[in-house]
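Peer 1: Chains as they are written, first to last, in my numbering: chain A, 193 to 327; chain B, 14 to 71.
Among the hints, a few may not be true.
Computed footprint of chain B on chain A; a stretch qualifies when at least three of its residues, placed anywhere within it, have a C-beta under 8 Å from a C-beta of chain B [as the list claims (entries may be wrong)]:
#1 244 to 251
#2 316 to 327
Listed below are the simulated EDC-like cross-link pairs for lysine to aspartate or glutamate, each with C-alpha atoms no more than 16 Å apart in a straight line [stated by the list, open to error]:
#3 A:Lys230 <-> B:Asp40
#4 A:Lys229 <-> B:Asp40
#5 A:Lys326 <-> B:Asp40
#6 A:Lys302 <-> B:Asp40
#7 A:Lys302 <-> A:Asp265
These are computed hints drawn from the structure, not numbers from a lab. Using N, Cα and C, we set each Cβ at its ideal position, and we do this for glycine too.
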Amino acid sequence: MAENKPATPSAYPITTQSIIVLILGWLVPGAGHLMLKKWWRGLLLLISVLAMFALGIGMQGKVYSPNTGDILDMLGFVGDVGSGILYFAAQIMDLGRGAIHIAVADYGTKFIIVAGLLNIMAAIDAHHIAIGKKA
Amino acid sequence: MQLSHFSAALVFSLFASIVFGITQKNDARSMLRYGAYCFALFVGGVVVGGWFLWVLKH
Numbered sequence: 193m194a195e196n197k198p199a200t201p202s203a204y205p206i207t208t209q210s211i212i213v214l215i216l217g218w219l220v221p222g223a224g225h226l227m228l229k230k231w232w233r234g235l236l237l238l239i240s241v242l243a244m245f246a247l248g249i250g251m252q253g254k255v256y257s258p259n260t261g262d263i264l265d266m267l268g269f270v271g272d273v274g275s276g277i278l279y280f281a282a283q284i285m286d287l288g289r290g291a292i293h294i295a296v297a298d299y300g301t302k303f304i305i306v307a308g309l310l311n312i313m314a315a316i317d318a319h320h321i322a323i324g325k326k327a
Numbered sequence: 014m015q016l017s018h019f020s021a022a023l024v025f026s027l028f029a030s031i032v033f034g035i036t037q038k039n040d041a042r043s044m045l046r047y048g049a050y051c052f053a054l055f056v057g058g059v060v061v062g063g064w065f066l067w068v069l070k071h
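Work out the full structure: start from the sequences and follow the hints.
Peer 2: Given below as structure tokens:
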């Protein structure tokens, strides 16, 4: 028979601020760290993600739209949307239509995806700082 | 914008290493060291991979 153990409080309690930091960090690269007054980290993250995304667009990389087609296209969308507001801005401005006849355009597509994935890492890092799991 | 393959790899390595350094370590010194380590691995991997492909071709 299973025992009914009393619920133990988590070592790293999730707070409202930690959720806000996570969402804000995803929407605006580096904003989560800036909100936590980690100025240099936030600035470097903003520059890194923004530069990778902008270079990807500059190299005429493709920005994926929501789709239910090829699995790689779906994963591409997941990576892209990690950039938060940059992704939505690119969609609104109709950027990243892809130029398959240019060799570096494929690199650009990867730059855009990786910018999103790095931004997700940064947002989770900000969340960890907010809950006290990381300094 | 036209970046060469190598310069694209360098830029990619630089920015990815910055984010890795910041997110994976706790203090500034460790971040710097880990970022430099990642950058060296990225660029080293590109050079080693390039020579490996050259050997395969010849």
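Peer 1: Kindly indicate which numbered hints from before are broken by the structure, ordering the numbers from low to high.
Peer 2: 6
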